[in-house]
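Using the sequences provided together with the hints, build the complete structure.
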Amino acid sequence: MFVAIAVLGLFLADLEIIGADPWSEFGRMALGAVTPDFTATDRLFDAVLQTLAFAILGVAVANVFGFALALAFHYRFVRVGCAFIRAIHELFWALIFLQIFGLSPLTGILAIAIPYAGIIAKVYSEILEEADPAPARAAPSGSGAISIFLFARLPDAWVHFKHYSLYRLECGLRSSAVLGFVGLPTLGFHLDSAFKQGSYSEVSALLILFYIIIATMRYWVHKRLLPAYLIAAVIALPSGVSISMTNVVRFFTEDILPHPIRVAESIDGAVLEKLWDWIANLLITQAVPGAFNTIVLTMIALVGAGACALAMFPLISPKFFGKKGRTIGHVLLVVARSTPEYILAYVFLQLWGPSMAPAIVALSLHNGAIIGHLIGRHTESMATRSDSPKGLNLYGYEILPRVYPQFLAFLFYRWEVIMRETAILGILGIPTLGFYIDSAFADIRYDRALVLILLTAFLNIGVDALSRRIRYRLRLKTTLNHA
Amino acid sequence: MSLFDLRNANARYNGAAVLSNITLSIAAGERVALVGQSGAGKSTLLRMLYEQRAEEAALLPQELGLVRVLSVFHNIYMGRLNLHSVWYNFINLVRPMAREVKEVREIAVRLGLEEKLFEPTGELSGGQQQRTAVGRALNQDSDILIGDEPVSAVDEHQSRVVLESINERHKTVLIAMHDITLAITYADRIVGLRGGAIVLDQPTAGMVPSDLDDLYRN
Numbered sequence: 001m002f003v004a005i006a007v008l009g010l011f012l013a014d015l016e017i018i019g020a021d022p023w024s025e026f027g028r029m030a031l032g033a034v035t036p037d038f039t040a041t042d043r044l045f046d047a048v049l050q051t052l053a054f055a056i057l058g059v060a061v062a063n064v065f066g067f068a069l070a071l072a073f074h075y076r077f078v079r080v081g082c083a084f085i086r087a088i089h090e091l092f093w094a095l096i097f098l099q100i101f102g103l104s105p106l107t108g109i110l111a112i113a114i115p116y117a118g119i120i121a122k123v124y125s126e127i128l129e130e131a132d133p134a135p136a137r138a139a140p141s142g143s144g145a146i147s148i149f150l151f152a153r154l155p156d157a158w159v160h161f162k163h164y165s166l167y168r169l170e171c172g173l174r175s176s177a178v179l180g181f182v183g184l185p186t187l188g189f190h191l192d193s194a195f196k197q198g199s200y201s202e203v204s205a206l207l208i209l210f211y212i213i214i215a216t217m218r219y220w221v222h223k224r225l226l227p228a229y230l231i232a233a234v235i236a237l238p239s240g241v242s243i244s245m246t247n248v249v250r251f252f253t254e255d256i257l258p259h260p261i262r263v264a265e266s267i268d269g270a271v272l273e274k275l276w277d278w279i280a281n282l283l284i285t286q287a288v289p290g291a292f293n294t295i296v297l298t299m300i301a302l303v304g305a306g307a308c309a310l311a312m313f314p315l316i317s318p319k320f321f322g323k324k325g326r327t328i329g330h331v332l333l334v335v336a337r338s339t340p341e342y343i344l345a346y347v348f349l350q351l352w353g354p355s356m357a358p359a360i361v362a363l364s365l366h367n368g369a370i371i372g373h374l375i376g377r378h379t380e381s382m383a384t385r386s387d388s389p390k391g392l393n394l395y396g397y398e399i400l401p402r403v404y405p406q407f408l409a410f411l412f413y414r415w416e417v418i419m420r421e422t423a424i425l426g427i428l429g430i431p432t433l434g435f436y437i438d439s440a441f442a443d444i445r446y447d448r449a450l451v452l453i454l455l456t457a458f459l460n461i462g463v464d465a466l467s468r469r470i471r472y473r474l475r476l477k478t479t480l481n482h483a
Numbered sequence: 001m002s003l004f005d006l007r008n009a010n011a012r013y014n015g016a017a018v019l020s021n022i023t024l025s026i027a028a029g030e031r032v033a034l035v036g037q038s039g040a041g042k043s044t045l046l047r048m049l050y051e052q053r054a055e056e057a058a059l060l061p062q063e064l065g066l067v068r069v070l071s072v073f074h075n076i077y078m079g080r081l082n083l084h085s086v087w088y089n090f091i092n093l094v095r096p097m098a099r100e101v102k103e104v105r106e107i108a109v110r111l112g113l114e115e116k117l118f119e120p121t122g123e124l125s126g127g128q129q130q131r132t133a134v135g136r137a138l139n140q141d142s143d144i145l146i147g148d149e150p151v152s153a154v155d156e157h158q159s160r161v162v163l164e165s166i167n168e169r170h171k172t173v174l175i176a177m178h179d180i181t182l183a184i185t186y187a188d189r190i191v192g193l194r195g196g197a198i199v200l201d202q203p204t205a206g207m208v209p210s211d212l213d214d215l216y217r218n
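The listed protein sequences derive, respectively, from chains W and U.
Residue numbers for the first sequence follow this note's numbering, beginning at 1 and rising by one.
Residue numbers for the second sequence follow this note's numbering, beginning at 1 and rising by one.
Derived by calculation from the structure, the hints in this document are not laboratory data.
Misleading hints may appear alongside valid ones.
What the hints assert, rightly or not - Facing chain U, from chain W, some residues (calculated, C-beta under 7 angstroms):
1. 135
2. 142
3. 146
Where is the CB? At the ideal position from N, CA and C, for every residue including glycine.
Here's what the structure looks like:
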């Protein structure tokens, strides 16, 4: 059924390739990719430093608040609040904070810290729930809840917290890089200008540095070095951008009020009527088409990601390829999943012009690579009989049927992620909700932007709930629940 | 005066009767061994008894209840969590104080765990883990100990050390065990269970292992 919806979506989607001469542009990009230019050392160093600084501080703040929220996660309003703040993409948070705090470091840190705190709270509370209850029962009675928590529950969970934080930092690096596209001084900012100048050799240098940072994380992230990193990050952040308090106050007391209420002297029938018109207009001209495109693109990208994953996982599976072949597969998959979908879409957009095609390809490749990686890893431990068939027969009869439930579980898990990203890709000019939100911000119509962001958040929450229901109905389990 | 008192007590698990019609009274200072085949209801009976004195008794559960990522020191220290403030506990979690290490070390030496004092318990052998759990119970400020098979994974010599230490430290001792010789040596009263009922309740004075053969006959 999902495939049928996606095929239907293909008819509804605008897939036109507009680029003047996509292939010659592609040729220049490919040339740039193989001739990386590391000579602009100052700029490269600055891009990397700022990306790291925002990511480290954002994730650190998110960890502190996420942990605190995880402890209060049994309260319904905390759960709902966390679901809400994580349903809004970090780029939307950045757009909001740009209006409030301008280009100050606070904008970037909060844009990462707020949605991440919501995600971390959920994951940490699940980890704490799964901690072995036996030690707490064996502790002497009268030991005080905090002491028991410190000794009997926290140590077990701590190991998982550390692993998850590392994964979050990797996500944080991607988010931080992408924040550059809305003006913060991170990698995306330099990528954007390098692209606009057509200096593709610098683009590839930036991307290669980014891959190196992510690939070597295991070696440079170390418990003892963290305080040093945090201090260095604070020093590295751009200074001299002052926050205007009047701006802050005006944003909350005036800018975000719906226009008819803002200009009204007092609230009466006429104002309410105008408010109704305002809402109806917003819904018909922006919210509905934006939501429609977002859903269409999400569905196509979901199936596309599934197809990519099924095509890609054999590349890293020892059941299909030897050691050499798998190395190439690993490199391909690492590149596809380390590059944020926003940057992938940006690259394809340069080639094909603004339509849904770049977004579909970017989302399918990135998410397909993530799922493909997990499934490929899964096949490593799979036992097949020694006389089992080879090649396509092995794939169709032996491997695919066994990994299929796992595959579906991961795919549905990514559904909400794909939807969040789909909305965001609107900022690049694809008419999803993000497109309307970005234009509203550009037109200084913050009231509209906020309504549309809320709508996006509710769509995400809805898809998340739906995917959880489907996974439950199909009895699918994600063993790696933070895939 | 009796510390534990059960009258016609029953227990069910998933609808099936595990204990039926148990009447048992244990006075302060008694050392009782619960014996019987596995599945006879020893663990359930111990749990019921523990609930009567959960406030004061030290518990040594069958699953040990160790925090696997914490060291032997920390797990033994946990026996005294209730005697210190949160801050004192927190400091000892992060950086054990010399005074506490000294006390815990004495227990560890006795149980043959000294060399493993700062190793995570998850990396120890089954017997070492069991002795760590015993250490935690010994460290607990309690006159009563309730233990479910505390020596099932340690060798004969170590078993004797463990049971002697428990008898020295705790006044009232209730232990489930399957080694009848040890039960007769270290307890002064034996309660035999079979099919969820008490079929034997005698002092150990003058008892020989073959007296208990009936309990294990199919």
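>> Need the list of violated hint numbers for this structure, in ascending order.
In response: none
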